[in-house]
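Colleague: The lines below spell out each chain.
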Amino acid sequence: MSKKIYHILSLLLLTLLTASCCTVFADQEPKTFPFSETSALEEWEEKIFKGKVLYVVKVEKRDGYLSAYSQNSASGIFYRLKFDPKETPMISWKWKVLKFPEKKSKNIIDEKYDSKQSWLEKDDYAARLYVIFPKISFNLTKSLEYVWDASLPKGTILTSPYSENIKIIVAESGKKYFKKWIYEERNIVDDYEKAFGRAPGEVGAIAIMTDTDNTTSTAEASYDEIKVGYKK
Amino acid sequence: MKDKKNRRREKFLNSPFQKKMLLLIFIAAIVPSGIVTICLYYIIFNLLAAQLGIPEAIAYNLLPVARKVNIIILTTLPISLIIIWGIAVELSHRIAGPIFRLEKELDRVISGEQKTPLVLRKKDELKPLTEKINKIISKK
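Top line first, the protein sequences correspond to chains U and V. This note's numbering applies: residue 6 is where the first sequence begins, and numbers increase by one. This note's numbering applies: residue 59 is where the second sequence begins, and numbers increase by one.
If you are wondering where the hints come from, they were derived from the structure by calculation, not from laboratory data. Keep in mind the model is a prediction, meaning the values are calculated, not measured. Be a bit skeptical, because a hint or two may be false.
[As the list claims (entries may be wrong)] Estimated spans, in silico, between C-beta atoms of each pair: (1) U:Ser142 with V:Glu183: 42 to 48 Å; (2) U:Glu47 with V:Ile102: 24 to 30 Å; (3) V:Leu82 with U:Lys87: 40 to 46 Å; (4) V:Gln109 with U:Glu65: 52 to 58 Å; (5) V:Tyr99 with U:Glu189: 35 to 41 Å; (6) V:Ile85 with U:Lys199: 30 to 36 Å; (7) V:Ile129 with U:Glu189: 40 to 46 Å.
Even for Gly, the Cβ is constructed at its ideal location relative to N, Cα and C.
Please take these sequences and the hints and turn them into a complete structure.
Modeller: Here's what the structure looks like:
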């Protein structure tokens, strides 16, 4: 191989390495979603599961928040991002529940093994925030869901009735702070290890969903100041 | 009638050349089709999953479809392999058979046992080559 070709190839390789390093470091920066402008939802993708939930950014007194209103529907908003939670494991957000979905039974834990359908019917939450860990194949993708439920005890970890790869973590419980803003901060790595029993891979997306499709009721919640991928 | 009489009963000759040809044809058919199937499967399902986004939507809508597709693939795979193997045997036989026969008949021509022109089967390959060999034999 001539020296000239060798130099060109080395230069190309160096450029590629620099570019990939820049991308990695750029992605390692914490990402914040203040929802302070009505156009804030433009960078999010809407994903419809069953019917459309109304997601609107409401701006009041120079400050804004994301409002979600679900009526017999389940759709979420989805944001793709990439970071290594082992480097920057924290996620935080503020949320407020204005109306919980109407579940017939107060406690789903006791009933979940009795009837999958009965449990499925209760898989509605006023507010939930997803952290999604994509894998090479879609069926291996894992997700953590932080939910605010009216009756489940805080800290409960459940497996979704839909898939073993979806773990539901009750981050907030009850109606004590009903209609009040609550700040949450979680360590993704710790939660993932508790839920799946192993260390997580890269985070590929976060999502928000307020749903009432299973209970055919209505729910309303607000979200604000989401911050992902930072160290404490 | 003549072609029926000349038909080879055994599709698999004990010839290293046919074995090599058979393996080459089989691999040449299996590898690209396997790659295309895996790529299509991976691209289609991963694109659909990316489009659905919400994990519950993926688990509810896509996983049952993927399971059905997996069953179909696993059921049709042995059948496809048998068909491809059959085609590979037939093709390798059409190439290796005439060579095997030409070799034998040329040996008989060299030893002076045979002077009649060499005849191949209807579907055999290498007919132009046989014709040229026949021309050489008839010139002698």
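Colleague: Give a verdict on every hint.
Modeller: Against the structure, the hints:
Between Ser142 of chain U and Glu183 of chain V the Cβ separation comes to about 43 Å, which falls inside the hinted range of 42 to 48 Å. Checked against the hint of 24 to 30 Å, the pair Glu47 of chain U and Ile102 of chain V passes, with Cβ atoms roughly 28 Å apart. Against the hinted window of 40 to 46 Å, the Cβ-Cβ separation of Leu82 of chain V and Lys87 of chain U comes to about 43 Å, which satisfies the hint. For Gln109 of chain V paired with Glu65 of chain U, a C-beta distance near 34 Å fails the hint of 52 to 58 Å.
Between Tyr99 of chain V and Glu189 of chain U the beta carbons are some 39 Å apart, a value that agrees with the proposed interval 35 to 41 Å. Checked against the hint of 30 to 36 Å, the pair Ile85 of chain V and Lys199 of chain U fails, with Cβ atoms roughly 48 Å apart. For the pair Ile129 of chain V and Glu189 of chain U, the beta carbons lie near 42 Å from each other, so the given range of 40 to 46 Å is met.
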